[in-house]
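S.K.: All chains, please: the whole structure from these sequences, using the hints.
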Amino acid sequence: MQTTLSRRRTRLGAYLRANWLYYALSVPGLVYVIGYKLLPLVGLQLAFKDFSIFAGDNILESMFVSPWVGMQHFEKIFGSADFWRLLRNTLTISLMKLVVLFPIPILVALMLNEVRCRPFQRVTQTLIYMPHFISWVVIHGIFLTMLSANGILNRVLEALDLGKTSFYTDPIAFRWLLVFTEGWKESGWGAIVYLAALTGIDQELYEAAYVDGAGRLRRIWHVTLPGIAPVISLMLLLRLGGILEAGYGQILIMYNPTVYSTADVLQTYIYRTGLGKLDFSSATALGLFESLVGFVLIVSCNGVSRKAFGRSLW
Amino acid sequence: MAAVTQKSGGDRVLRVINVALLSLLGLVCLLPFVHMAAKSLSGRAAVSAGRVAFWPIDWTLSTYRYVLQDDLFWRTFQNSAFITIVGTLLALTITTMAAYPLSKPGFKGRKVILLLYVFSMLFYGGMISVYILMRALNLLNTLWCQIIPLVLSQYNLFIMKTFFEGLPEAIEESARIDGAGPARTLVSIVLPLSLPSLATIALFYAVAYWNGYYHAMIFVTRADAKPLQLYLYEMITTTQNLYELDPAQAAGLSSSGIQAAAIVVSSIPILIVYPFLQKYFVHGLTIGSVKG
Chain A
1 MQTTLSRRRT RLGAYLRANW LYYALSVPGL VYVIGYKLLP LVGLQLAFKD FSIFAGDNIL
61 ESMFVSPWVG MQHFEKIFGS ADFWRLLRNT LTISLMKLVV LFPIPILVAL MLNEVRCRPF
121 QRVTQTLIYM PHFISWVVIH GIFLTMLSAN GILNRVLEAL DLGKTSFYTD PIAFRWLLVF
181 TEGWKESGWG AIVYLAALTG IDQELYEAAY VDGAGRLRRI WHVTLPGIAP VISLMLLLRL
241 GGILEAGYGQ ILIMYNPTVY STADVLQTYI YRTGLGKLDF SSATALGLFE SLVGFVLIVS
301 CNGVSRKAFG RSLW
Chain B
1 MAAVTQKSGG DRVLRVINVA LLSLLGLVCL LPFVHMAAKS LSGRAAVSAG RVAFWPIDWT
61 LSTYRYVLQD DLFWRTFQNS AFITIVGTLL ALTITTMAAY PLSKPGFKGR KVILLLYVFS
121 MLFYGGMISV YILMRALNLL NTLWCQIIPL VLSQYNLFIM KTFFEGLPEA IEESARIDGA
181 GPARTLVSIV LPLSLPSLAT IALFYAVAYW NGYYHAMIFV TRADAKPLQL YLYEMITTTQ
241 NLYELDPAQA AGLSSSGIQA AAIVVSSIPI LIVYPFLQKY FVHGLTIGSV KG
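So the sequences go chain by chain: A and B. Residue 1 is where the first sequence starts when you use this note's numbering, and the numbers rise one by one after that. Residue 1 is where the second sequence starts when you use this note's numbering, and the numbers rise one by one after that.
Since the hints were derived computationally from the structure, they do not count as laboratory data.
Chain B stretches covered by chain A per the calculated footprint, using a threshold of three residues with CB under 8 angstroms from any CB of chain A:
| # | segment |
| --- | --- |
| 1 | 10 to 17 |
| 2 | 33 to 47 |
No more than 30 angstroms apart at the CA atoms, straight line, and that leaves these computed lysine-lysine pairs for BS3-like:
| # | chain 1 | residue 1 | chain 2 | residue 2 |
| --- | --- | --- | --- | --- |
| 3 | A | 307 | B | 108 |
| 4 | B | 104 | A | 307 |
| 5 | A | 277 | A | 76 |
| 6 | B | 279 | B | 104 |
Examples of chain A residues lying across from chain B (beta carbon under 7 angstroms, computed):
| # | residue |
| --- | --- |
| 7 | 25 |
| 8 | 28 |
| 9 | 135 |
| 10 | 145 |
| 11 | 295 |
Positions of the beta carbon are idealized from the N, C-alpha and C atoms, including for glycine.
M.R.: In structure tokens:
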């Protein structure tokens, strides 16, 4: 007994002597993930409490001494017309973006892959990746300028006798503006994933298809697309998993009160309720609802991807 | 692929259409920037009348002079520069440190730590929770509350982890045989080999910090702690609303010309750096973000 214990101890000692560096290196990352990501989850209790910022001497004390109210905030949320409007807007905007924008990066990757002139390919890539590196604030500024009453787009529309449109105040047009600007920013960049997948396709398959007399389009259809299908499916499932987010960072910058009816989403409402009106409890409850649904969605989508295509994010 | 290049007529038509469409796409991405640059360099009358398209009319630099003389512009520019430089260095260090052990199969505890990172990526505690944390730490209205949230991105962590996993074990083995300790091996063998990946994630972090506004919108209310993006945001939204009262009008400038100048100045740092780093991320990046 004595000997096995001490032998185990020396083995542990030897392991630590050889691998201490791994533990030391892990510390800062763990401090971040525990301190900034996990510890704040304690604050989720506010969803079940009636928070008053003046209940204690500081904000932590206020959080802990505020009285429990059970599911009251959730009942209020699910009973309000606001919630259903937010949910409808969130899902509508997400689905519009998904249906319209999802295929574009795939097409762009296929097109870039067919280009044989390297310099042209490189320059095109530089240009279409560029918007990804620009902030939403700047993009908002650019489009606000281009779409204003005497902006360049309305000038063109006027010249073509199509009449002016106020994209930033028309509730329906604004949703399409969100879809378009999102596509403008991310469609080119999104192609990178598929380009990487394309390099993994066995070249012999192309040669075999060629020998069989398949033209370019048929080779794309029968070789290229099946080759990148697993990545396409994974990307699609990831999108479905994030459907309640709807790109709120973009909306937070671009929207305004005239389009709240169609463009206000869960996160933007949480921002205004929580930090605008300081209604911490309602904001936390609504946020918890979104986080839980989002978590279940992404985990199940990843599970489907792993089962069906043998690919998963983790 | 070269072996199967066909030279039929239908093929040539397809190729021309392909190049034409890609060129169009490139132009659609480029022209809005050109339009803004042209506006920022044009005289007030031409801008107000909406006559400027893609080339400046009545060249002037007065809009830039106006922007560069604004104290709040400089203050927020410096804030963003500090956040970006310090944040990127910290993030790069912490991410590399965290990723290296996770790439070692022999590292006991690896599974648990990975699970923590994945869970924290998938479950968001909400903005109120982190607001309470920052307030309790007395970090509201500082630059640190804008650095901390982005100091480790799980996506970048996984890119680095996958990269380290791809390094041949023999390289580290031979360093060990030569008598180098594990720390020495990491610093003088592994890191120099990782420069392309490090450059890639450094660019991603720098862009996230420079373009960041979300955390500042939650944590910062004092003007002197705001980042450049919030300065821009307020400039864009208020000059639209208070067009008549705009001090720039009095100075004989159009507010949209000034906005255009501010937008150009704030985008220039990224637009200069990014094309040079393109060669790195086009290759190494995505193999890390999607696990096969």
